Amino acid sequence: MPAKYMIHTRAAPNRFKAPTKSGIIAWWEGCLGCLHCVKKQCVYGVYGSRDLDVRQMIDSIDNQCMGCLRCVQGCPRELIHKSMNPEYEALGDSHWTPEIISSLWYQAETGKIPVSGGGYPGPFSGPGFDSMWTDMSEIVRPTRDGIHGREYISTGIDMGGTSGHLSFSNSGDLQDNLPFGLDIPLPIILRVPSFGSLSGDTIKGWALAAKELGTFLALPVDMITGELVSFRESLIPIMSPIQPHSGDGLEGVRLVEVPWGENWKEIVKRIKESHPSALISCRVPLVRGMVEKIMSLVDSDVSILYLEGTASGRAIDDNSIFIKDGIRQTHLALVERGIRDEVTLLAGGGIAMAEHAAKAIICGADGVVIDFAILIALECRMCRRCTKGLPCPVEIDRAEQSWVGSRITNLLGAWHNQLLEVMGAMGIRDVRRLRGETGRAMFFEDLDRSTFGSLSEVQKGYELE
Amino acid sequence: MVTVPSRFRNPIGKYRLHRTDECLGCGKCVAICPHGVHVKIGHVMTKNHYRCVGPDCPNPCYKTCPAGALSLKRNPTFDTLGDLRWTPDLLVSTWCMAETGDVPPGGLEYRIGESVGGFDRLRLVLPPSHRNESAPPDEEVDVGIELNRRDDTSHRVRIEVPFYGAGMSYGSISIMAMLSRVRAAAALGTFCCTGEGGYPDELKPYDDHVITQVATGLFGVREETIQRVSIVEFKYAQGAKPGLGGHLLGDKVTPAVAHMREAVVGYPLFSPFPFHSVYSVEDHKKHIDWIKAINPTAVISVKVSTPTDVDMVAVGSYYAGAHIIHLDGSYGGTGAAPDIAKKNIAMPIEYAVPMVHRFLQEEGVREKMTVIASGGIRTPHDVAKIIALGADGVCTGTAELVALECVRCHNCESGRGCARGIATTDPELTRLIDLDWGTQRIINLFSAWKKELVRIVGRLGMKSVTELVGRTDCLVHLDYMKSKRGHRG
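Taken in sequence, the protein lines are chains A and B. Going by my numbering, the first sequence runs without a break in its numbering and finishes at 465. Going by my numbering, the second sequence runs without a break in its numbering and finishes at 1489.
Isolated chain B (complex conformation) (with noise of 0.2 Å):
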């Protein structure tokens, strides 16, 4: 594991430690701190509080210092950070990640937030660690999953994790937050979905790892596009905004982004809603056999939102012959959407995988089509739980977004958008990121996250993740647990 720390002179942390005059510069706390925050470079200093753990500190620096210069506070910069479902703990123990390739060594809540309810009120029960003699070897832990699993000429496409890159489209973020997303899926043994934005020439050495996306806009769709890829995806919604369609602004439909999308520079485009040409499950079916008349073998993924019918809708495509149902949960996405619709339209894809995945149980084709929840996954606990009721997998977008150091201000589409260069396409701010500073940050996150999975599945007496999906009796939620004594966690 490569170590890949921020891109910037001061990451940002939970706490602070102040040093006053007092220090004798005995260089003890560079001694005892197994996590280098302070340093000895000539005179002793504290370089590194991001990395501080504070009160989780079994041996503290602050407490032990022979000449009690040093003290610990709470970054009040930190507190201005994310939100309920991003918490501050949530972004810095993914930067952590990102960093390190581990989870946070201690002082953050990596695993939920703070929304009060679905993920955030589930837990997973483990069997009691200390006779876990059933949990396999990390090393025997599959946690891979197959995506097709119909029995068709398509191709057969397995992912070595559970989760893929939901689309996120050429003009909405830059190249270089692109193409770190799909070399870091091409590591890992996975995919990256392109978004309705056109396939820029950069990623086809990365062609076996990309998904491509057909939307209502048909931006950048061409035969070519199609048959380079083993994976296509019709995106009928998604999760920000159901029933809106997409919106790019004039501003960012640069020369590239226009000469991508067939489209005039400066003019701001829109991806209506919805595909003008399906009314219902047998207009969807000859969309599904126009990409196969182009590419037989292409696996064929439907990225729906969550309204009250959702599960009809992925029966349907079952029957058109899809073989992934992508369902894009309420809370989830990436670019900018009306509030109103973020919070209100659709239902959290908590409530949707259960129902999806048991109208497929009950029409006898669940073990045919490949479910697949994205919309607000955050963390690996979230992909663990989701599967538990009843997805295959996941596709995560914001996440990686943290890992390049999103900060969650919300003002992807102000100006010269985001003014940490990932979600922008001008040139200055798109040079903030360096790609293989982007690539492997990605790559530490989902490898953290992939080591988070192994544990838990091994820690369930399970060998491969595929014996988790709809295991919800491996899941409580805290609002209904009938005892609340007991437990650890």
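Bound-form chain A, shown alone (with noise of 0.2 Å):
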């Protein structure tokens, strides 16, 4: 057997206290000084080692409570209390929620997969990837001895096309030129996101975890310079729409990203000449009627289709169209032609959580891209001062790389084992299986209806309850 696939993750501390759920409130004034105070009793100690962080006045109280109640129900005067942090109300917004950046937090930091007790206390559906659910199998298990054992499950992916058949001569001989591909052992690929404070060493940081982690990082061609050009292995130069790049300076680059746009074909041309070995993705933005556009891609010698939905993986001009609904078209409209294996879909923006990989991926990706993921596992509170300018409240411009190249190895080796939780209980060992497998999914908009549509009759006078 080949070597397994391992994520080796180390615990990369936070260098901000983070903003917790709820804080406490303790009052002082009518305090009896009990000898047995509930502060001591305290079962997780939080109160005997508590200090104020003076940098960002917080008391860590707040940050280490596990909210059990004791001491809030305990206290002879009621002089404790908890209620809700603000901070942590504010944070992100409706798709990046303060729950997905603290659990990025958590497993940057950690490189664990979230775990919990008392059953699941989210909404019962939601939008986007909200609306489906990943099945199981009663019976079936993957490999002999364990989701982690000897036998894997392989989360590899192919990169570019291969061609539907082989042609020979009559002599016998290959005819085609076999295409050229590459592979990589995760079917997650990072990006530098569209905003951030941003240094040096933050992207050499993240080139860092792409190149340890075996995938790549995308990154503006511009950036690549300095101590980048010796990760160009790992990097994937995006090259700009307004200034068409030579293509020079990417020798050794293995993957070269285009956008979408007038001259793409003119791009794909030149780089095409210049790095033959070079695969060539195609950046297309989810848009109403990208099908078409995908399609009149697909002949030329793009062999990488990279759909990008907005930062909240949304169509850039329809609200209702999720990033998962666009995987799913594009996904049907290469099978229907009979092309699926020819290119290689990736689909970004939006992704947040382990789960997305996964669902993408039944819906129709061969992997996905993922940009602000990275960014949170920094800390990004996703507040985003450093559009107007203003300074970052948790300093990731100054943030050392091999703490950032910890972090996202972390978030990756998290991520890993959350693909191989729901993978083992799909009982699938390949995620190359995985791709399209929509059986192995139930949707919202599919068992809603048909449970619940005809339950819509109520008698005049009824009454409900």
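By construction, these hints were calculated from the structure, which means they are not laboratory data. This one's a predicted model, so the numbers in the text were calculated from it and none came from an experiment. Built from N, CA and C at the ideal position, the CB exists for glycine as well. Don't take each hint at face value.
[To be verified] The calculated lysine-lysine pairs, modelled on BS3-like cross-linking and capped at a C-alpha distance of 27 Å, are:
id : chain 1 : residue 1 : chain 2 : residue 2
1  : B       : Lys-1204  : B       : Lys-1292
2  : B       : Lys-1482  : B       : Lys-1368
3  : A       : Lys-460   : B       : Lys-1482
4  : B       : Lys-1073  : B       : Lys-1040
5  : B       : Lys-1463  : A       : Lys-460
6  : B       : Lys-1073  : B       : Lys-1047
7  : A       : Lys-21    : B       : Lys-1343
8  : A       : Lys-39    : B       : Lys-1047
9  : B       : Lys-1204  : A       : Lys-112
10 : B       : Lys-1040  : B       : Lys-1028
11 : A       : Lys-40    : B       : Lys-1047
12 : A       : Lys-21    : B       : Lys-1073
[What the hints assert, rightly or not] Which stretches of chain A does chain B cover? Using the computed rule of at least three CB atoms under 8 Å from a CB of chain B, they are:
id : region
13 : 63–72
14 : 113–119
15 : 444–454
Assemble the dimeric complex from its two separately framed chains, guided by the hints.
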């Protein structure tokens, strides 16, 4: 068996105290100074190790409190209360929710899968990926010694297309040039996000992680300077649509991204001439009618399609279209034309949780591209102050590259393990077999109406309870 | 009914009443409050904030106080409780039921949560209350169900309420929590499952109300434990982590737990997935035959999760000889599980039950099989709704933990385990629960549920809860409702 793909995580502590969902309010006035004060009885010893972070003005009890409420319920003068933390509630937006952001911080810090007791606490369903569930099997297991056993579940994917058939001459010689392809051990590619308080160290840290993980980091071609040049094999230069790059300085690059636009054919042609061995990926924005655009690309030298939604995973021109729907449409169109294996389909924009990767693949993508997730892994609060020229509250630009690298490795280590969990439950041991397997998912739009659609009648005068 | 207040000094309620120095001590608030929020012990004070029903009060103290010394505020701590499925309202109303044995007198939503789908968008459709002559009196309404509906030689088991306690293992919860559940089940005329962690001797006096579980780790399963009970449950999967095994952290494997599970102290225990001896319905039948060889009159329950083919699994279990198909939906669960599994893997119980009900009907075996639903049943209204969708009854787990004052902090696995003494084996924390207190809290909660179910079944003009099975005409889903006018509720 080939060597098993392992991601080695190592703790990379937060540099700033993370806002927590609720905080403690403890009054001193009226305190009886009980010998057996409820604060001394704290199971987690939170009050005993209390300190104040002067830089952020945060009391450590808020961050360490586990919310058991025993002190609140035990104080004889009712001097301790809890209340929601407005700073936490204000994190992010409706897509990058406070729950998602704090879960990403936890994973980047520890490299561990988020685990909790007491059932699922969230909404019944929701928009986009929240409107699907993944399947499981009662009796099938994918490997003989567990999902982390010696026999492993593969998360590797192929990049670049394969031909649907081989042609031979009359003498039996192979007539085609076999397509050039790459494989990556994880169906996830990193991408420099469209905003963020970034420094050279940030980019180098991300490149370091991409190299260590065996995947790629996509970044604007003009960012590849200095030390970054040595990471070329793990980088995807993104060509600019406005200033067509001559193709210089791309030696050793294995993959190049060009944007969809007026002159994409010209750029592709130039790259193909100067770097015949590089795979070309074309970025297509998720918009209405993008399937036609995609179909015009597949006959060209482009072998990778990167379908990109907005930061919240929606179409640029229609808020009701989700990246999930775009992937399904594109995948099916490619299948119908019988050319699905001739291209690799990547999807990105709004990929915020490990489950999004699994679900995007079930919908028909080969892999996903993550951008803001790798920024949030560096403690970003999605406050967007940097877009207004204000300083970053968590000083991302001052983080060291090794810490950046560890945070990303941890995040993807946790995501990799979560992929194994869902694939294990489904009884699938190769992520390439998960692609387009919508039979391994359940969709809200199918299930809800068929189950409840007929429950619509209420006779006059009847009461609802 | 015995009133069983919170074991903590300061119970948490939705409201707080603030009393200023202007209070004259006249005692009018004490006299007018029907809920005993204010007391006069020497001077007048607000002792039981948590009982205040807030704006639902018809004659509020804070409006009638002659000195204007009282004002009503929402309790900020209340809003930090719970989540969308178990809202602060549901938690506090469950505590209220566990204390009093009745549904809350007002101020709290005790019927639905805020998950915006499934149970929380379904409503019971009840005939107009003013012309409800057909409604039988409460004492004639039967909410009990039969668990063995096959015409075979196994025990005829009837439970007096359409629910029993789901499996929670010794080790995952404390012996006090476990005993409280079992003793309450005995008092209510129903059952409680041991889960997969052995069958502690302390449970012996209640053998007639215990279901023992055989799961993939086979922890604590012996001939003797199988023979002691009238119902044996096979756990193939569980809703919170379908397709994944169970995992008890090393810290929780105390000497007592290790002895019970025949394992080594301090080492984590994995209950693997799946049963390594079952790959088909035929293999499954072999399992059931083993149990029947050891305990020929045992009623067999099969607990499965809710994948797309759950209907086939249910029919397969029937042909293998099972009496009960127990469907555990994806949103429930009490123990620790990966968040990705809890949220995503397998479907919510509200979809699985109608699917299985219909498929068993089409197969002509629905009348022979008992369908039990679990995984997110929080209220008596959830029970009525899932029965109307096609289940015979339900299993409960989280509701009992909430009755024991679980606050759903989701930290069952941290450090020494549950800080509130429920899901822990830490000797000091275990002592936080008194056995009689715990037992009566659960009895009270389920007595309140039973009364609600009797009222609902009666309102529907039915004499037995069995008439409600599959009656989807008694339900409406707000997202698909045609006319949105002229209805209350």
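Practice item. Could you tell me which of the numbered hints above are not met by this structure, giving the numbers in increasing order? Key: Violated: hints 2 and 9.
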